[in-house]
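K.L.:
So the chains spell out like this:
Protein chains: 2
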Amino acid sequence: MPEVTIKDIARICGVGVSTVSRAINNHPDIRPETRQQIQRVIEQYGYIPNNSARNLKRTESNGVAVLVRGITNPLFNSIIKVLDIELKKHRMTMILQQVDYEEDEVAVALELTKEKRLKGIIFLGFNYYHPEGELDKIKVPFVLGTVGAICGDENCTLYSHVAVDDLQESYRMTNYLIRKGHRDIAILSAEEKDSSVGKLRLAGYLKALEDNGISPNTHLIIPFSDIGEPYSMTNGYAATQKLLKSGQAFSAVYATSDMMAVGAYRAIREAGLKIPEDISVAGFDGVEIGDYLQPKLTTMLQPVEEIGETIFRQLYDLMNGDCGNKNLLFQGELLEKESVRELVHI
Amino acid sequence: MPEVTIKDIARICGVGVSTVSRAINNHPDIRPETRQQIQRVIEQYGYIPNNSARNLKRTESNGVAVLVRGITNPLFNSIIKVLDIELKKHRMTMILQQVDYEEDEVAVALELTKEKRLKGIIFLGFNYYHPEGELDKIKVPFVLGTVGAICGDENCTLYSHVAVDDLQESYRMTNYLIRKGHRDIAILSAEEKDSSVGKLRLAGYLKALEDNGISPNTHLIIPFSDIGEPYSMTNGYAATQKLLKSGQAFSAVYATSDMMAVGAYRAIREAGLKIPEDISVAGFDGVEIGDYLQPKLTTMLQPVEEIGETIFRQLYDLMNGDCGNKNLLFQGELLEKESVRELVHI
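Protein chains in written order, with the working numbering: chain H, 120 to 465; chain G, 120 to 465.
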């Protein structure tokens with residue numbers, strides 16, 4: 120059976136093609152009875168407005184790719200949820216791509232733009248270092264979500280970044296631990312040569328130590344384990360086990376993601392130690408699980424709703440040529456729960 | 120600047136279009152020097168083989184929609200990860216769509232097929248009840264993942280299902296609790312009128328009670344709370360709080376998802392009770408978090424790798440017309456951890 124076209128519908132209804140189009144698009148400029156008649160005919164003949172200009176346009180260019188490094192990370196889940204709502208609202212389709220930790224997300228993005236007519240790209244969990252000029256090869260608007268510009272100030276507008284202010288908020292968390300009397304603070308984080316936000320969180324930690332006159336003990340800087348994905352429970356568990364076996368003295372563990380803190384809790388518990396009596400633990404992210412831990416996790420809440428909405432808004436503005444690149448950084452909120460105790464120095 | 124075409128590349132290289140095509144497709148039937156020359160020219164002129172037949176075909180029809188009800192569910196995360204790997208392997212693109220709990224996923228699917236040329240659809244966390252014939256309106260191959268056919272046997276081949284055998288494995292878990300001496304077993308699950316897998320898990324629970332001569336106590340059947348999404352921590356927390364306040368006697372809580380069990384742990388702990396000394400807890404799914412709880416969660420492990428791969432394989436076979444619909448059910452694995460204690464009846 121040949122496919123029913125918009126012309127057929129117009130002919131059957133005895134109206135013009137533009138009237139059918141108005142009915143399909145819920146245009147106000149059409150009489151309700153006419154719209155109803157057209158809709159009945161559309162349903163009766165099973166006409167799918169697939170080849171109309173409206174849909175052709177949409178089919179070709181309403182896709183927004185979301186490239187996620189770490190799809191099991193609940194932080195990204197929450198942001199994806201917000202993005203999904205925003206994209207749907209604007210009749211765009213999310214094309215989700217999982218990027219492996221070893222994979223080059225820019226290469227994935229370039230491959231995608233070759234094959235798909237994308238309206239835009241959103242990166243979540245981006246790695247900073249790519250050969251110079253590599254990002255500039257991406258010819259559609261894109262936003263780097265959850266990672267701020269590496270230089271860390273508002274003038275970094277080479278690309279569009281939307282993220283929590285990782286350096287500043289990591290500084291604040293470390294400073295909080297110091298104010299609670301902790302000086303030997305272990306950090307589960309990236310190495311300095313890391314190319315994720317871990318680098319910024321580590322820098323914030325080091326700066327807070329420095330500003331408080333504490334020399335960093337490199338043995339308390341525990342880089343991501345090679346077990347499990349960075350920022351995961353498994354990784355935090357392995358890193359904390361390593362820390363506990365090192366024989367180094369420490370009174371607090373600052374895990375640079377809540378999921379790593381979940382792993383740290385387990386390792387500390389299995390070593391026969393109590394949180395916060397023996398060891399204090401702080402996290403970063405503010406994902407739901409923190410409140411389900413015993414004791415509840417003190418952490419830095421990322422404003423995921425705001426971040427998700429801003430990522431979309433920035434991409435949307437770029438698509439419409441309404442703005443240049445921006446480095447949009449948000450404050451977190453330090454949630455004081457039960458996992459950090461005050462150390463009294465006698 | 121007019122776009123460079125494959126014809127331009129052929130002309131510049133002094134070869135035929137088919138030779139350029141062979142070079143692009145890494146066809147063995149081309150001399151390496153020729154391939155290298157062509158690749159140099161392609162790079163030099165920035166030719167993107169976007170309009171070649173190969174890519175046109177790919178652009179139009181390599182999309183597979185994955186419709187997920189409950190994107191924050193770590194079980195689905197793991198399956199999405201497997202699907203992503205399989206789809207990439209076969210040069211298909213995942214179009215992920217989040218479906219809200221109130222939303223009709225079939226309507227979402229139909230909307231998608233209107234707008235996109237999809238090769239297939241995968242549903243995760245499907246709800247059973249849709250008006251008769253509604254699913255038949257979907258004109259591309261589709262697989263209902265993580266939900267078995269409601270009639271529960273292999274002859275249910277109206278649609279393609281790939282799932283753990285929810286009824287059987289829920290029966291097995293309940294039976295395990297009974298063998299451990301528990302008779303007053305509360306279940307956090309769906310109501311009988313539920314239209315998700317919760318219905319099957321509840322049926323397995325009821326059947327196990329019946330086969331062991333235990334009359335079900337309807338006060339111990341705690342339906343999903345209206346707080347938070349079904350199967351979530353928040354929901355399990357609220358449901359368990361309700362159960363604890365009910366004054367009913369029970370020695371075990373069977374949470375029909377591990378995330379609900381995480382919530383149950385918190386509610387039990389906050390009531391000043393101990394797991395498993397005061398109350399035993401069992402879960403379902405076998406997601407990673409179970410091993411990070413204190414005590415470790417006894418649960419039913421779903422074979423997510425196998426389920427993910429089978430969902431893809433079934434869809435792929437349907438796409439290629441190689442098979443009819445199937446109801447593919449998998450066994451789970453009962454993981455005996457630390458959250459269930461043996462009750463000794465004196």
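Hints should not be assumed to be uniformly reliable.
Put simply, identical chains are the same to the list, so a pair is met inside one copy or across any two.
Claimed, not checked - Keeping only pairs whose Cα atoms sit at most 30 Å apart, straight-line, the calculated BS3-like set for lysine-lysine is:
{"no.": "1", "residue 1": "Lys-256", "residue 2": "Lys-445"}
{"no.": "2", "residue 1": "Lys-326", "residue 2": "Lys-393"}
{"no.": "3", "residue 1": "Lys-415", "residue 2": "Lys-364"}
{"no.": "4", "residue 1": "Lys-326", "residue 2": "Lys-299"}
{"no.": "5", "residue 1": "Lys-126", "residue 2": "Lys-258"}
{"no.": "6", "residue 1": "Lys-233", "residue 2": "Lys-126"}
{"no.": "7", "residue 1": "Lys-445", "residue 2": "Lys-258"}
{"no.": "8", "residue 1": "Lys-200", "residue 2": "Lys-364"}
{"no.": "9", "residue 1": "Lys-126", "residue 2": "Lys-256"}
{"no.": "10", "residue 1": "Lys-233", "residue 2": "Lys-207"}
{"no.": "11", "residue 1": "Lys-200", "residue 2": "Lys-361"}
{"no.": "12", "residue 1": "Lys-258", "residue 2": "Lys-233"}
{"no.": "13", "residue 1": "Lys-445", "residue 2": "Lys-456"}
{"no.": "14", "residue 1": "Lys-415", "residue 2": "Lys-256"}
{"no.": "15", "residue 1": "Lys-233", "residue 2": "Lys-326"}
{"no.": "16", "residue 1": "Lys-126", "residue 2": "Lys-326"}
{"no.": "17", "residue 1": "Lys-364", "residue 2": "Lys-299"}
{"no.": "18", "residue 1": "Lys-299", "residue 2": "Lys-233"}
{"no.": "19", "residue 1": "Lys-299", "residue 2": "Lys-258"}
Hints are computed from structural coordinates only; laboratory data are not their basis.
K.L.:
Checking an output row: Lys-364 and Lys-299, CA cutoff 30 Å. Within, between, both or neither?
P.N.:
Classified as within; 25 Å inside a copy, 38 Å across copies.
K.L.:
With identical chains, the pair Lys-445 and Lys-258 could be close in the same copy or across copies; at 30 Å between alpha carbons, which is it: within, between, both, or neither?
P.N.:
Within one copy only: 17 Å inside a chain, 44 Å across chains, cut-off 30 Å.
K.L.:
At most 30 Å between C-alpha atoms: does Lys-258 with Lys-233 qualify within a copy, between copies, both, or neither?
P.N.:
So Lys-258 and Lys-233 pass the 30 Å test inside a copy (10 Å) and across (28 Å) alike.
K.L.:
Up to 30 Å between alpha-carbons, please classify Lys-415 paired with Lys-364: within, between, both or neither.
P.N.:
both (25 Å within a copy, 23 Å between copies)
K.L.:
At most 30 Å between alpha carbons: which applies to Lys-126 and Lys-258, within, between, both or neither?
P.N.:
between (37 Å within a copy, 23 Å between copies)
K.L.:
Taking 30 Å as the upper bound on the Cα-Cα distance, should Lys-256 and Lys-445 be classified as within, between, both, or neither?
P.N.:
Close inside one copy (19 Å), not across copies (45 Å); limit 30 Å.
K.L.:
Are the CA atoms of Lys-233 and Lys-207 at most 30 Å apart within a copy, between copies, both, or neither?
P.N.:
both (24 Å within a copy, 15 Å between copies)
K.L.:
Up to 30 Å between alpha-carbons, please classify Lys-299 paired with Lys-258: within, between, both or neither.
P.N.:
neither (49 Å within a copy, 62 Å between copies)
K.L.:
My question is about Lys-233 and Lys-126: at a cut-off of 30 Å on alpha-carbon distance, are they close within one copy, between copies, both, or neither?
P.N.:
This pair counts as between: shortest inter-copy Cα distance 18 Å, intra-copy 34 Å.
K.L.:
Give the relationship of Lys-326 and Lys-393 under a CA distance limit of 30 Å: within one copy only, between copies only, both, or neither.
P.N.:
within (29 Å within a copy, 43 Å between copies)
K.L.:
Quick one: Lys-415 to Lys-256, C-alpha cut-off 30 Å, is that within a copy, between copies, both, or neither?
P.N.:
neither (45 Å within a copy, 49 Å between copies)
K.L.:
Which holds for Lys-200 with Lys-361 at a C-alpha limit of 30 Å: within a copy, between copies, both or neither?
P.N.:
between (35 Å within a copy, 29 Å between copies)
Hints 8, 13, 14, 15, 16, 18, 19, counting from the list given before, are not met by this structure.
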